[in-house]
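**Q** In order, the protein sequences belong to chains S and U. Residue numbers for the first sequence follow this note's numbering, beginning at 1 and rising by one. Residue numbers for the second sequence follow this note's numbering, beginning at 1001 and rising by one.
In case anyone wonders, no lab produced these hints; they're calculated from the structure. Since we're looking at a predicted model, the values are computed, not measured. One thing to keep in mind: the hints can contain errors.
[To be verified] A few chain S positions that, by computed beta-carbon distances, are all more than 10 Å from chain U: (1) P55; (2) R89; (3) K105; (4) P111; (5) I142; (6) Q145; (7) I147; (8) V149; (9) Y151; (10) T186; (11) A200; (12) M211; (13) E221; (14) K270; (15) K289.
[Stated by the list, open to error] Using 25 Å as the maximum straight-line C-alpha spacing, the simulated DSS-like pairs for lysine-lysine come out as follows: (16) S:K116 x U:K1095; (17) S:K212 x U:K1054; (18) U:K1095 x S:K219; (19) S:K165 x S:K219; (20) U:K1145 x S:K116; (21) U:K1095 x S:K160; (22) U:K1134 x S:K116; (23) S:K252 x S:K240; (24) S:K116 x U:K1133; (25) S:K257 x S:K226; (26) U:K1095 x S:K105; (27) U:K1135 x S:K116.
[Claimed, not checked] Derived contacts from chain S toward chain U, CB cut-off under 7 Å, selection only: (28) D143; (29) D148; (30) A150; (31) D152.
All C-beta atoms, glycine included, are put in the ideal place defined by N, C-alpha and C.
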Amino acid sequence: MLRILPKNSNYFVNSQFLFLRHSSSAPAAATNEKNKEIANYADKKRIKKGSKKIPNDFRFKYQDFLPSPTARYRNSLLEKLMRKDMLERRSQVHIPEFYVGSILKVTISDPHSQGKTNSFVGICTQREYTGLCTRITLRNVIDHQGIDVAYDIYDPLIQKIEVLKLEKRLDDRMLYLRDALPEYSTVDVNMEPELLAEGAPVPVNETIVKMKPLPWMQKWERKELKGIENLDQYLNLWRKQQREKQATPWEKYDLMKEYRRTIPEEQQNKIFSEIFDRINKINEEHKIKAKAARRTITKPQNIR
Amino acid sequence: MQTTSILSNLRAVTSVFSKSHFHTTSICNEVRLLTRLRVVDNSEIGKQAMMEGKPPKTIHVYNRQHVGYIGDKVMVAIKGQKKKGILVGLKQMQKVRVPRFDSNNVVLIDDNGTPLGTRIFVPIPTILRTILKKKTLAKGADYTKLLAIASRFV
């Protein structure tokens, strides 16, 4: 679900298997025509059933409400209680829609700083765990120094989460930015938010990064990443051989693995129909609050 | 004849490994004995050492684990001298909300806790304010002086 999906496996996309078992991993650049067809088909199917109409993008937008992709960590009661707490937290702090590759600004309270708050701007490079424990990692290069900060998004110390640029990248995990040239992870700290039209599809940023020379922190060549330019040029014979030795190309055909990692559509619908009304209400409340805040800022200019 | 063949074999073997930055162990991201650090303040000795490409080596960590964590005091060997320093950024995995840096950063101080430089070039984790205040005791060295020369907190 949050793990890297075998991207080039058309096998699953074609099979009817996917209709019933949605994997909630945000398929970075996988929105091709076939997927759209599948989505349409799934929509029709759902309407037929007469269940509550849950938008198709809910499983990407609110993927932290879904159970863990690791089957042995699932616990339906715990998840239900967690969902309740998550909604409570969401009613206090607006947690917007974002994906790996989006640029975020997180403000947390900090007792020793001057304004009692401390904020960090960076690219979201990974999204781990589910439920209340959902953790994101932001990365930025400030004063020529690469910095990663991890945040639990339901952390009570968080005061604000803003999305400065909503976009997806080619990979689900972008930790390789640590070993890429610094310009690929540099973001302006005082960046202004870029607004997208409501209901517009999330754009995919197809930047392909160049890496620093070896040594790297991890063996990126073994992870089937799309966002790195020509990985072979960095590798020597030994590493190429090892990659071939360790490769597991049959894994994408492992139906059982796929079955365990994904959540069936019925189960997802059950979860989402439980939170659907509440979350829409919360979102609207936050919208009204944001509008009111904007109005109070513009007022003094008119009064003069 | 034999010697040349051996030599050519050797060359083949070394060509594989010489380019590969061959390690017998995995990369050690902890600050331990003999870890190289990066001096991030503008002290004369620190600047020179970094310019020469001879970054300081940790020769002692002042805690029980002998592994340096954020805010810990270390002794470093720098340009043939022993100096003390505070770790202000680590490459190792950190706790939530604590930044992880791409290099192990150190700021040099003297025995009283006064920094040798007058400016720090890179951001400093804001949690150091809490940690260093806790570590400063009434009669001991005052480590919080370091915070006054920081240019930016993250």
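**Q** The structure should be examined with respect to each hint, and the outcome stated for every one.
**A** Now for the hints, and whether the structure bears them out:
The beta carbon of P55 (chain S) sits about 31 Å from the closest Cβ of chain U, which is more than 10 Å, so the claim that it is off the interface holds. Under the 10 Å C-beta cut-off, the non-interface status given to R89 (chain S) relative to chain U holds; the minimum distance is some 15 Å. Look at K105 (chain S): its CB is around 13 Å from the nearest CB on chain U, clear of 10 Å, so calling it non-interface holds up. Its closest Cβ contact with chain U, about 8 Å, brings P111 (chain S) to no more than 10 Å, contrary to its assignment away from the interface.
Look at I142 (chain S): its CB is around 5 Å from the nearest CB on chain U, not clear of 10 Å, so calling it non-interface is violated. Distance to chain U contradicts Q145 (chain S) as a non-interface residue, since its nearest Cβ pair spans about 4 Å, not more than 10 Å. Distance check on I147 (chain S): its Cβ comes as close as 5 Å (rounded) to a Cβ of chain U, failing to clear the 10 Å threshold; non-interface status is violated. Its closest Cβ contact with chain U, about 5 Å, brings V149 (chain S) to no more than 10 Å, contrary to its assignment away from the interface.
The claim that Y151 (chain S) is not at the interface with chain U is violated, since a C-beta of that chain comes within 10 Å of its own (minimum 6 Å). Every beta carbon of chain U lies more than 10 Å from that of T186 (chain S), the smallest distance being close to 12 Å; the non-interface claim holds. Once the 10 Å rule is applied to beta carbons, A200 (chain S) is consistent with being away from chain U; the minimum gap is 32 Å. With a least beta-carbon separation of about 14 Å from chain U, M211 (chain S) lies farther than 10 Å from that chain, consistent with its non-interface assignment.
With a minimum CB-CB distance of about 13 Å to chain U, E221 (chain S) clears the 10 Å threshold, and the non-interface call stands. At roughly 31 Å, the least C-beta separation between K270 (chain S) and chain U is larger than 10 Å, which holds for a residue marked as non-interface. Every beta carbon of chain U lies more than 10 Å from that of K289 (chain S), the smallest distance being close to 25 Å; the non-interface claim holds. Restraint check for K116 (chain S) and K1095 (chain U): the C-alpha separation of about 20 Å stays at or below 25 Å, so the hint holds.
Restraint check: the Cα-Cα separation between K212 (chain S) and K1054 (chain U) comes to about 21 Å, which is no more than 25 Å; the hinted pair holds. The suggested pairing of K1095 (chain U) with K219 (chain S) holds, with an alpha-carbon distance near 24 Å, which does not exceed 25 Å. Between the alpha carbons of K165 (chain S) and K219 (chain S) the distance comes to roughly 29 Å, so the proposed pair goes past 25 Å and is violated. For the hint pairing K1145 (chain U) with K116 (chain S), the CA-to-CA distance comes to about 20 Å; that is within 25 Å, so the pair holds.
With a C-alpha separation of about 20 Å, the suggested pair K1095 (chain U) and K160 (chain S) falls inside the 25 Å cut-off, and the hint holds. For a cut-off of 25 Å, the pair hint linking K1134 (chain U) to K116 (chain S) stands: about 19 Å separates their Cα positions. Taken as a hint, the K252 (chain S) and K240 (chain S) pair is honoured in the structure, with Cα atoms around 21 Å apart against an allowance of 25 Å. The suggested pairing of K116 (chain S) with K1133 (chain U) holds, with an alpha-carbon distance near 17 Å, which does not exceed 25 Å.
Restraint check: the Cα-Cα separation between K257 (chain S) and K226 (chain S) comes to about 22 Å, which is no more than 25 Å; the hinted pair holds. In summary, the hint linking K1095 (chain U) to K105 (chain S) is supported, as the alpha carbons are separated by about 19 Å, within the 25 Å threshold. This hinted pair checks out: K1135 (chain U) and K116 (chain S) have alpha carbons roughly 22 Å apart, not beyond 25 Å. For the restraint placing D143 (chain S) at the interface with chain U, the shortest Cβ-Cβ distance is roughly 5 Å, inside the 7 Å limit, so the hint holds.
Checking D148 (chain S) against chain U by beta carbon gives a least distance of about 4 Å; that is within 7 Å, so the hint holds. Contact between A150 (chain S) and chain U, as hinted, is supported at the beta carbon level, the nearest pair being about 5 Å apart and thus within 7 Å. A distance limit of 7 Å between C-beta atoms decides the matter here; for D152 (chain S) the minimum to chain U is near 6 Å, and the interface restraint holds.
In the structure shown, a violation is registered for the earlier hints numbered 4, 5, 6, 7, 8, 9 and 19, in ascending order.
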